[in-house]
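Protein chains: 2
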Amino acid sequence: MTTDLEKQIQDAQEAVTKQGDTVRSLKASLKDGKAEKAEVDAAISKLAELKIALDEKQKEYEKTTGKVSSQSKEALRAALAGVLERRMFYIPSFKIYGSVAGFYDYGPPGCAIKQNMTQVWRNHFVLEENMLEVECPAVTPEVVLKASGHVDRFTDFMVTDAATGECFRADHLLEGHLEALLEDKKNPPSAEKAREIRELLAGVGELKQDTMAAALQQYDVRAPGTGNALSPPFPFNLMFKTSIGPKGDMVGYLRPETAQGIFVNFRDLLYYNGGKLPFAAAQIGNSYRNEISPRAGLLRVREFTQAEIEHFVNGDDKSHPKFASVADLKPLLYSRELQMGEEKKAAPMSLGEAVSRGIIANETLAYFIGRTWLFFCKVGVNPARMRFRQHLQHEMAHYATDCWDGEVETTYGWVECVGLADRSAYDLKAHTSMSKIDLTAFEKFDTPRMEEVVRVVPNNKELGAVFKKDQKAVKEALEALSEDKAMDMKAKLEAGTPVALTTCEGQSFEIKPGMVEIKKVTEKVTGKTYTPSVIEPSFGIGRIMYCMFEHCYYTREAASKDEVRAVMGFRPVVAPTKATVFPLVQKPALNETAQRISRDLTAAGLSNLIDTTGNTIGKRYARTDEIGVPFAITVDFDSIEGNGSVTLRERDSMAQVRVPQGEVASVIRALVDDRTTWPEVAAKYPAQKATGDDE
Amino acid sequence: MTTDLEKQIQDAQEAVTKQGDTVRSLKASLKDGKAEKAEVDAAISKLAELKIALDEKQKEYEKTTGKVSSQSKEALRAALAGVLERRMFYIPSFKIYGSVAGFYDYGPPGCAIKQNMTQVWRNHFVLEENMLEVECPAVTPEVVLKASGHVDRFTDFMVTDAATGECFRADHLLEGHLEALLEDKKNPPSAEKAREIRELLAGVGELKQDTMAAALQQYDVRAPGTGNALSPPFPFNLMFKTSIGPKGDMVGYLRPETAQGIFVNFRDLLYYNGGKLPFAAAQIGNSYRNEISPRAGLLRVREFTQAEIEHFVNGDDKSHPKFASVADLKPLLYSRELQMGEEKKAAPMSLGEAVSRGIIANETLAYFIGRTWLFFCKVGVNPARMRFRQHLQHEMAHYATDCWDGEVETTYGWVECVGLADRSAYDLKAHTSMSKIDLTAFEKFDTPRMEEVVRVVPNNKELGAVFKKDQKAVKEALEALSEDKAMDMKAKLEAGTPVALTTCEGQSFEIKPGMVEIKKVTEKVTGKTYTPSVIEPSFGIGRIMYCMFEHCYYTREAASKDEVRAVMGFRPVVAPTKATVFPLVQKPALNETAQRISRDLTAAGLSNLIDTTGNTIGKRYARTDEIGVPFAITVDFDSIEGNGSVTLRERDSMAQVRVPQGEVASVIRALVDDRTTWPEVAAKYPAQKATGDDE
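Residue numbers (UniProt numbering), protein chains in the order written: chain A, 1 to 695; chain B, 1 to 695.
In isolation and in its complexed conformation, chain A is listed as follows:
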């Protein structure tokens, strides 16, 4: 019953969206003289009928089920998608050729928001922390991504329809199948079975090839649509592959993340920074992942913009000098402990407490969590619908010390927008090992220390005689021994036992007494060489934009009551257009004043639009609300004949004040820069009663 109704609502929603498009395109044709007025009117009444039908179905659903959530989520998402595509925030790429899944174009307002958001990011992180920003190519030679592990391990499990060859992500199919089993009202699983399914569901992301294969088989998962059998799962590398140079013999990939460009530049960046640590480098740029089945709009795409930070720090001291500035912030933290507990719910906790209780591993990681939370607030994500979720032990790579995902709640559930990871010294060590280039830093002690150190002195003559051409490799391996291993070898050799030694190339040699002298000596040490640890906050700009769209979108009733108006409640700093200027009616004198105000706004660096369509002010407000313009200026006869003031209207409160026209640009500039607030402006200038549809 319920699912029938859900389907009907979805169909009704689609019909409304489609008819809306028809009406708009007819209206455009009407202007061009290509359509008749009668045709347009007919389409409009059809649209009204469809809206009523949808509304009735939705009410019926709410009455039957007592829940609003699931279907209003769908409806909200569809309505928002309509606004975003119609207003060209973003649209599928290559539309005239039928589009390609996972690629989107940003149109003018989307492009402006993206720039504003990356600029806020740059000011908030790069300038504030004096980070070293770099820009590296997307095309990357294989060796770099071999070192980072992406060539071997950047894969998803894929299955294919045994008959048609169509490709699917194994984890998506398994998840969908298990969720359907749990929700099956006709044949509900036993309590025990349900628990088993839930456990499997929670761990789908961590299944290995064999356990994934077993699970698919056990639950008889089949190809969607056809119901055919599936191939066994196999790893599919998500990198786009290409070839560099004319010979065709150099394999390259499009980078799957921007981080590697920073790691391979570590040595130059350290030199640039005067050899001093800690320091952070940052990069904003596009990354590429050849997803098996892109879905969910901007949330899983094949080309996307990342903003990544690599904060290099001595692993022995991860305190942060500015930690105090964020210690009192209380973001929602969803720690390992809470995830394993009964309630499974994030809770607010001050970052200071989280560090002192050992919940967040160190101050630097917590500092970036705090800064990230502030960034989300700045760009208009609702902090009450944002949490930081700690990775469970088995989710983390073996080298990682602690990881937290910045997640935002949307109609798609909790969406990971930022990853914050303490990756220890893994990345630099991996590149040192592949490139043979030293990627260490040197910490100079304030005063030299007398320290007992282990010295390994190979006996060159003996090594040469025994190992011949391998002498050099053996010598290097001996010198690279850790102090513990060296002392262990010393003990064995003194007991007359030969010891196996593995070189960095993986060859094994037998070291016998007399080949090496190992001794503890006390010497003056001026400092310490070490491979820095890396703390990595990594942002997905497109995902943050989409989450922000959902949080900013709302509707309100229009004066005419039969329509609902969409509002994009963007924060002024990210809004694509900061202000619109309307002459009240079409008169040259009003137009001239409007033009002058527009030039003032441009000179103040404020993007703006003039709307001289002569539509009612209410209609013009509605249009700019839909693209999220925060401030509207109306020029009326008082502006040119009376005291020279104009009406300034704020989008969300719809409140209006009269501001002298010479001051209006600087007032808006201050509002956009967060140097003043609307309540302050409303207190300073005389209020104006709202007019027209906007009452």
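Computed cross-link-like contacts, DSS-like style, restricted to lysine-lysine with a CA-CA straight-line distance of at most 25 Å:
id : chain 1 : residue 1 : chain 2 : residue 2
1  : B       : K95       : A       : K429
2  : B       : K587      : A       : K444
3  : B       : K37       : A       : K528
Just so you know, the hints here were simulated from the structure itself, not pulled from any lab data. Model, not experiment: these values are computed from the prediction.
Please arrange chain B on chain A, whose structure you already have, making use of the hints.
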């Protein structure tokens, strides 16, 4: 003789650069306690010796040859490259893995300059003209680039060393070979031969596969280095190829230009613009070309940032409403006429005159030439070393109406940085033809007109009987006939002659009398449907940056006379760091004041650095001159105890004034925004005598 000396100078220059690196790295190690002072001192005196040797060789060269040019060009380029790489403006990518030709990373100052430059571009073009900015993916499905012609024709001719297989660009080899022949002093070519060689040289870029093969054979061009024979030339496609999706059956390429993203969105952009023309769309983004032999640093790379504009306009009227604002500008124009003339030299001419004399094809193209010239001036390219060169007739594509390249003079010769082309309706028609989607605009007449139009009415019954399944294709081809062709067909059919008709799929059919009625009728026409023309200004950001680096770079003698100091004379708006703040000596009170001024600068959006090294002020000025910081603030005891003023020093004039510390941020803000000039500032505030090395 001369070439021997040239080689020696080059070697000496390289030795100086290398030793300079050694000294710097030793100095860094000295700080870390890894090197001894004596070692560093030895390296420094070695460097001084090498510099003297280089200087002697250069003087000898100038005395022998009487010319400065060629070798000082080399020297200038090498010295500039040293600064750019050492200061990490840009460095070869993937250095720790031995680099890959044609890829560069921008380090912190390069990154900042690039952002500043693209921001100036965006303000100058997008905001000023209300352009519609879009952002499209780099990964592009084959069909788009098939339509644009890139899959078939975006090639360079390649030759390979017959023995080693090494790859070369045929035109580069031929050019180098011909130039060497002309410069051969031992066996100079005859006057007639020299003329033949010069003619061939001028046309190397336009050779076809067979003529290129003939030329290579005629002149016996061989592989550089080995002297081996070469393979015949063959076309090599410059696009990076990849595969989209998991199946591996969808071919994709990295876009070789950003323009196609705009063309495929034309329909949506026109709708977004309310159906009105003309309008312009713009895109800033990365493009990719798998060059056969990348060279010349940033000038020929495999991944680069473009800023492209597509201005859509009715081909019948290419006037521009704002043309008057640029009509009096007099850039250097290098017209076809001047290129074919005796002097072969560009000359200044007002754009108004160029259009009225028909030298530039239309106002819109000339408008963008003017705006481009203004942009170059804004970002610090020397307008006296910039010209617009018109394409010769044979250089242009058959569909192009007129093309001009914005070229900048550098040590590499004239470098093309911008292409400005009137591409007629070619691009939109190509995509219409491939996608079958209508990419036209509709011009509504102010009042409907009575017009004689040609109507083609196919006889469906007859067509169906004769052509059966091809009926539809024939009907469409008939209806798509141009008025001229239709009237021509009418005449022939009336004379009883059958007419051949080719469908858009290329099939040919014979049309006989009675199959179609063609008539002229007079009817009310409300407007006209047309495919818009495109005027395309296309900017290479990296090339402009490099040219700007060369024009901004100069040296001056230091107080100590034995060293020469490099200065990057960046315009303040593009400078990576706008100001540095120096406490005169290391005292807490001075440091605190410096910190406060730094915060003021940051609050005013001005990137800044504090230098508390305690080096002499002269040394600190020299360091910031080298990274092009336009303004330096020195905090001294007068700043904290006296009248509270600070010293403000301008980089190029080295002039200094005393400014109250509370005003210094807003003074610099105004200088950066071009709202005031240094002479104005110098007139307003009391001068300060320069001190230290900077006298």
